[in-house]
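Got chain A sorted already, so can you dock chain B onto it with the hints?
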Amino acid sequence: MSAVANAVVVARGLTKRYKNTAALGHASFEIAPGRIVGLIGPNGAGKTTALKAILGLTDFQGELSVLGLDPRKERGKLMEQVCFIADVAVLPRWIRVREAVDFVAHVHPRFDRKKCEAFLARTKLTPEQRVKQMSKGMIVQLHLALVMAIDARLLVLDEPTLGLDILYRKQFYQSLLEDYFDEDKTIIVTTHQVEEVEHILTDLMFIRDGRIVLDADMDAVGERFAEVMVGADRAAAARALKPIDERQVFGKSIFLFDGVARAQLEALGEIRRPAVSDLFVATMKGTYA
Amino acid sequence: MKTPVLNEMYWLVKREFWEHRGGFLWAPVITGGIFLLLNLMGIVTGEVLRVRHGITWEPSNNLNLFNRALAQGDMAKIGAGLDMMTFSTTALISIVMGFVVFFYCLGALYDDRNDRSILFWKSLPVSDTATVLSKLAAATVLAPAIAVVCGVVTGLLMLVMYAITLSLHGVGVWHLLTLAHPFRITGALIGTIPLYFLWSLPTMGWLLLCSAWSRSKPIRWAVALPVVIGVVLGWFHLLGSANASDWYWEHIVGRFLLSAFPGGWLGYMNLDNLGGGMAHAMDLIYLDNAYSALAAPSLWIDAGAGAVMILGAIWLRRWRDDT
Numbered sequence: 051m052s053a054v055a056n057a058v059v060v061a062r063g064l065t066k067r068y069k070n071t072a073a074l075g076h077a078s079f080e081i082a083p084g085r086i087v088g089l090i091g092p093n094g095a096g097k098t099t100a101l102k103a104i105l106g107l108t109d110f111q112g113e114l115s116v117l118g119l120d121p122r123k124e125r126g127k128l129m130e131q132v133c134f135i136a137d138v139a140v141l142p143r144w145i146r147v148r149e150a151v152d153f154v155a156h157v158h159p160r161f162d163r164k165k166c167e168a169f170l171a172r173t174k175l176t177p178e179q180r181v182k183q184m185s186k187g188m189i190v191q192l193h194l195a196l197v198m199a200i201d202a203r204l205l206v207l208d209e210p211t212l213g214l215d216i217l218y219r220k221q222f223y224q225s226l227l228e229d230y231f232d233e234d235k236t237i238i239v240t241t242h243q244v245e246e247v248e249h250i251l252t253d254l255m256f257i258r259d260g261r262i263v264l265d266a267d268m269d270a271v272g273e274r275f276a277e278v279m280v281g282a283d284r285a286a287a288a289r290a291l292k293p294i295d296e297r298q299v300f301g302k303s304i305f306l307f308d309g310v311a312r313a314q315l316e317a318l319g320e321i322r323r324p325a326v327s328d329l330f331v332a333t334m335k336g337t338y339a
Numbered sequence: 127m128k129t130p131v132l133n134e135m136y137w138l139v140k141r142e143f144w145e146h147r148g149g150f151l152w153a154p155v156i157t158g159g160i161f162l163l164l165n166l167m168g169i170v171t172g173e174v175l176r177v178r179h180g181i182t183w184e185p186s187n188n189l190n191l192f193n194r195a196l197a198q199g200d201m202a203k204i205g206a207g208l209d210m211m212t213f214s215t216t217a218l219i220s221i222v223m224g225f226v227v228f229f230y231c232l233g234a235l236y237d238d239r240n241d242r243s244i245l246f247w248k249s250l251p252v253s254d255t256a257t258v259l260s261k262l263a264a265a266t267v268l269a270p271a272i273a274v275v276c277g278v279v280t281g282l283l284m285l286v287m288y289a290i291t292l293s294l295h296g297v298g299v300w301h302l303l304t305l306a307h308p309f310r311i312t313g314a315l316i317g318t319i320p321l322y323f324l325w326s327l328p329t330m331g332w333l334l335l336c337s338a339w340s341r342s343k344p345i346r347w348a349v350a351l352p353v354v355i356g357v358v359l360g361w362f363h364l365l366g367s368a369n370a371s372d373w374y375w376e377h378i379v380g381r382f383l384l385s386a387f388p389g390g391w392l393g394y395m396n397l398d399n400l401g402g403g404m405a406h407a408m409d410l411i412y413l414d415n416a417y418s419a420l421a422a423p424s425l426w427i428d429a430g431a432g433a434v435m436i437l438g439a440i441w442l443r444r445w446r447d448d449t
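Protein chains in written order, with this note's numbering: chain A, 51 to 339; chain B, 127 to 449.
Over the 10 Å line for every Cβ pair with chain A, so calculated as not near, a few chain B residues:
1. Ile221
2. Ile272
3. Val286
4. Leu294
5. Ser340
6. Gly393
7. Asn396
8. Leu413
9. Leu425
10. Leu437
Among the chain A residues that face chain B by a calculated CB cut under 10 Å, a handful are:
11. Gly106
12. Gln131
13. Arg146
Computed cross-link-like contacts, EDC-like style, restricted to lysine to aspartate or glutamate with a CA-CA straight-line distance of at most 20 Å:
14. A:Lys182 x B:Asp238
15. A:Lys123 x B:Asp447
16. A:Lys182 x B:Asp237
17. B:Lys140 x A:Asp152
18. B:Lys140 x A:Glu178
19. A:Lys127 x B:Glu134
20. A:Lys69 x B:Asp447
21. B:Lys140 x A:Glu149
22. A:Lys186 x B:Asp241
No lab work stands behind these hints, which were simulated from the structure alone.
Where a beta carbon is used, it is the ideal one built from N, C-alpha and C, also for glycine.
Chain A on its own, in the form it takes in the complex (with noise of 0.2 Å):
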């Protein structure tokens, strides 16, 4: 069977117009099943209009396949397959717990009572709790645990951590990996906070003005960049290697590399995983100027 036939999402030339703007400009990508995908990019990069045009909430040029279904024209049966958390906070906020776990049992044809009951139980919220009495954090675990009762392919978070303390953020990503994951599940996320993530991602997706501008497996990553801390006797030679950035510590510089061969980078100083934040600012750059 090859990739596509496989692969849980797929993206020909996905193009999106807002009026004068292109949120998104042939934006091309596969997402293959068992994945952890974090899509990152700058505010206006396109990641939500790629995330809804995934989920069928808008309209779209272009081909795109989700879990062999048209999001266009089969949102009802996709959605069965499908689960989304999108932003913090969007449980409608005169819903009681109770409501919520006793509507979506009725119409959720793959959910699972006993388990999100369970997941329920590992925190402080109770049936008759209205969403609006909830804080941020609370409202999350309530949507969390309605979202793992899921039995569902296909998990799409779109900043689902934004406004939660640390806590609530380890907890959430945590819960995902240790009782949610496996490899028939795949996850997409977006997210500003890339140091939370990046250890929990398989892959890596940069957007940038509509585009996919990198795509590839966190391993691909490791061995494509590298970051060398060198001396100032040798900063010279490290820029003639053309890094992709350069930053100053305690009188050192700090390069970035993209595709140079590990030989030559030894030579220069200590070789060192970058982190994907550092990965992002050096790709991002002048997005904003």
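Just chain B now, kept in the frame of chain A:
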């Protein structure tokens, strides 16, 4: 695997009830309660005034009155009067319901876009058609059903209240109550709900369409737009051109905005067979008469227009892209 359609619809309507319990349930209950309270206060005030001014009742006199009425074979009149009392509470509650349903429909497809909770609802495998139809069902079936139950219960409680008051004065009116037809009235009112559905479709369709369309304050589209057009038409009328204005206010504004209130179909009914006089006052609401309104073609044309607007609302719900 797939949740059966009816079961899904049941839960969708239940969801609407949860969110709008205040309007659908408490508004009619409180209206009925206030109505009863005002009546009770009226009775108490009457009693207090009577005692203060030393007016004594002449029960026998009253009894004679009633007996005379019965002797004259006007039981039907008394029954109709009692039925009208029962019905009047439902009529009042129905007006309250009309307002509730109007504003409910106006917000039904807008509020969740406004607070972004639409992103949660859309994450569930529920079609937009089912969502919009569940809101229509909540407005045209659930709300009137609750209003009828509250109205009839209030009406009966009121009858009992007056019966007790009178019997304290030695007037045996309990047997008069058997002349009333509470079950027939309840049946007629519930049986009218499908007629209400048809009648209100143009208003429901228009409000849901505006609700799905509007990016802010749907009432501006729903109310201001037709009224401004009406005023402009009125201008032309003043200038001596087309006399479309009256027709417009009656058939467009009236049917698009005011048909959330039940009973407007009275004007469409065939009243030729209706008996005259007090005894037949309640015949208006009985089904064979009420449904004669279906013979008016314009009722069907308006309902068709409503259905088209609901299709439009479903389409907008599917594709409206807000951010």
